[in-house]
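Enquirer: Work out the full structure: start from the sequences and follow the hints.
Protein chains: 2
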Amino acid sequence: MSQGVTISGLGEDRLVAHLTVGLPLTSSVVLGPGDDCAVMRPPTGKGHYQLLKTDVVVEGVHFLATSPPEAVGWKAAARAVSDMAAMGGWPTHAVVTVVAPGRTPVSWLRGVYRGLVRCARAFDFSVVGGETSGAPDGSPVVLNVSLLGEVAARGWVSRSGARPGQAILVTGRLGGSLKSGRHLRFQPRLAEARWLASHFRPAAMMDVSDGLGQDLPRLAASSGVGWTLDLASIPRHRGCSLEQALGDGEDFELLFTVPARRCGPLLEAWAREFPRLPLTRIGTVAAAGHHEPPLQGGFEHFRE
Amino acid sequence: MSQGVTISGLGEDRLVAHLTVGLPLTSSVVLGPGDDCAVMRPPTGKGHYQLLKTDVVVEGVHFLATSPPEAVGWKAAARAVSDMAAMGGWPTHAVVTVVAPGRTPVSWLRGVYRGLVRCARAFDFSVVGGETSGAPDGSPVVLNVSLLGEVAARGWVSRSGARPGQAILVTGRLGGSLKSGRHLRFQPRLAEARWLASHFRPAAMMDVSDGLGQDLPRLAASSGVGWTLDLASIPRHRGCSLEQALGDGEDFELLFTVPARRCGPLLEAWAREFPRLPLTRIGTVAAAGHHEPPLQGGFEHFRE
Numbered sequence: 001m002s003q004g005v006t007i008s009g010l011g012e013d014r015l016v017a018h019l020t021v022g023l024p025l026t027s028s029v030v031l032g033p034g035d036d037c038a039v040m041r042p043p044t045g046k047g048h049y050q051l052l053k054t055d056v057v058v059e060g061v062h063f064l065a066t067s068p069p070e071a072v073g074w075k076a077a078a079r080a081v082s083d084m085a086a087m088g089g090w091p092t093h094a095v096v097t098v099v100a101p102g103r104t105p106v107s108w109l110r111g112v113y114r115g116l117v118r119c120a121r122a123f124d125f126s127v128v129g130g131e132t133s134g135a136p137d138g139s140p141v142v143l144n145v146s147l148l149g150e151v152a153a154r155g156w157v158s159r160s161g162a163r164p165g166q167a168i169l170v171t172g173r174l175g176g177s178l179k180s181g182r183h184l185r186f187q188p189r190l191a192e193a194r195w196l197a198s199h200f201r202p203a204a205m206m207d208v209s210d211g212l213g214q215d216l217p218r219l220a221a222s223s224g225v226g227w228t229l230d231l232a233s234i235p236r237h238r239g240c241s242l243e244q245a246l247g248d249g250e251d252f253e254l255l256f257t258v259p260a261r262r263c264g265p266l267l268e269a270w271a272r273e274f275p276r277l278p279l280t281r282i283g284t285v286a287a288a289g290h291h292e293p294p295l296q297g298g299f300e301h302f303r304e
Numbered sequence: 001m002s003q004g005v006t007i008s009g010l011g012e013d014r015l016v017a018h019l020t021v022g023l024p025l026t027s028s029v030v031l032g033p034g035d036d037c038a039v040m041r042p043p044t045g046k047g048h049y050q051l052l053k054t055d056v057v058v059e060g061v062h063f064l065a066t067s068p069p070e071a072v073g074w075k076a077a078a079r080a081v082s083d084m085a086a087m088g089g090w091p092t093h094a095v096v097t098v099v100a101p102g103r104t105p106v107s108w109l110r111g112v113y114r115g116l117v118r119c120a121r122a123f124d125f126s127v128v129g130g131e132t133s134g135a136p137d138g139s140p141v142v143l144n145v146s147l148l149g150e151v152a153a154r155g156w157v158s159r160s161g162a163r164p165g166q167a168i169l170v171t172g173r174l175g176g177s178l179k180s181g182r183h184l185r186f187q188p189r190l191a192e193a194r195w196l197a198s199h200f201r202p203a204a205m206m207d208v209s210d211g212l213g214q215d216l217p218r219l220a221a222s223s224g225v226g227w228t229l230d231l232a233s234i235p236r237h238r239g240c241s242l243e244q245a246l247g248d249g250e251d252f253e254l255l256f257t258v259p260a261r262r263c264g265p266l267l268e269a270w271a272r273e274f275p276r277l278p279l280t281r282i283g284t285v286a287a288a289g290h291h292e293p294p295l296q297g298g299f300e301h302f303r304e
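Just so you know, the sequences run in chain order E and W.
Residues in the first sequence are numbered consecutively from 1, following this note's numbering.
Residues in the second sequence are numbered consecutively from 1, following this note's numbering.
Just so you know, these hints were derived from the structure itself, not from any lab.
For glycine and all other residues, C-beta sits at the position ideal for the given N, C-alpha and C.
Accuracy of the hints is not assured; some may be wrong.
[As the list claims (entries may be wrong)] Partial chain W-side listing against chain E, Cβ under 8 Å, derived:
hint	residue
1	32
2	41
3	42
4	56
5	87
6	133
7	144
8	146
9	151
10	158
11	275
12	277
13	280
14	295
Expert: Given below as structure tokens:
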């Protein structure tokens, strides 16, 4: 982190005033940052549900002190956007929490906010509030983003709808996200997930955040099913081993299932709609208890 | 913190499963914790706006490692409830983030969740999701609560409506919150604020979190006004000096203004409605630039 004015030198009120200038606000926002709460018009019409998600990145776990601050802000917001995508929904409003030691440079935090704002503009949501707190010297910076979103009441997709016989698919390529720096600049698959939800309604969907080796068993457990994977078909980033593709995590690709008979038409339509992003069938949903091959590993917090 | 199984020993999935059992869920919740996002029905009817707030407590800043975990959980949620109250609204759904080193005992975190759940039941909101992350050894525990809420579209109260000549009032008593431990078990003034908003519609309102000496200038700045305070009238907790009442912070009482002619009827009605909670007129809104007395201090994060 570079030198300059620190957040303890500036003080909380001026810091908040600095950070909240020019935040993107859509027409649904009645009152933006600076009061006790943000005030917003709820979605109109009966056809929509709301989504709520909170997500955190921690220095030393999800980014480093040397990571570019704009990329850190982008990542913090984009992770939560990826979760909304995985439900077939989209984000509408964000609130941000920053916990940082007093000696953190204000310029660093402004960089983080530039990244947040870039993500908000890219995916069309408002940033309606923030919270800042000091922390003891030497504490890692913690950046939490909570997102409110919407989804079609008939179009939301959980992790629990997978049924034996369905095809298992994954977007993009897996592995090497941390090593390559992709984890700081990934594109949440928001447009792709909305297209999927409205055209091919996946039976179950989630985003791959901790690695396929860990996230597929989660989806299977939620659905009460097993899997048969074709390991050779798993799309890997250049230079990545199968182990890395299964275990590195932070891919933020979509993992989902559809009835097998719809797989062919889906792959054809996808290639026309998203010609630059691969979509790959990697296996078949099996009965509960059938784990071929057994999977373990992936990027799990806490486990050492 | 006591001994026993640590969160790194349990692992993320089992930790989340442990913590999310039996969370309170109201009928608006379509899908609770455990998926990529929570899914909720939006408020029905045109008469309501939504509120969104995020709030954080940090070990070593807002609580200590020796603070009872239930009280820490209560405080983390109650602070955000207090912000909703200060808008004249009420909470509906919460999502929780816990950042903690792997060696944190699971029993401690379960205590925190008991406190969160007690607050959710007391103020009738759902806990629809959570996020956990590890942190480097020695990092403080960070607990973030984001709240979604509602408010009558014609009944919300910002900080910016104070006008010269209005009476300035405060609920309860101020000072000594940290020393006495009240900051860990305070009651957000939710019922009181809803009654105020519907019966006497304050012109401006906020909760006193950083001390009257800091929060009144904030309300005044938002409204573009000044103040004349009667320092002798400021209600203090037993044993607290005026300086402590102005500067200690973490009171979580309501600070608001009403037209002066309504002050008498309000005080009478209040005494009937809330006989055990004092309501005190402490001064009068003045023109911008008139600060009698000048105020400074209060509990400000970052400033050292």
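Enquirer: Sort out which numbered hints this structure fails and list those numbers smallest first.
Expert: 1, 11, 12, 13 and 14
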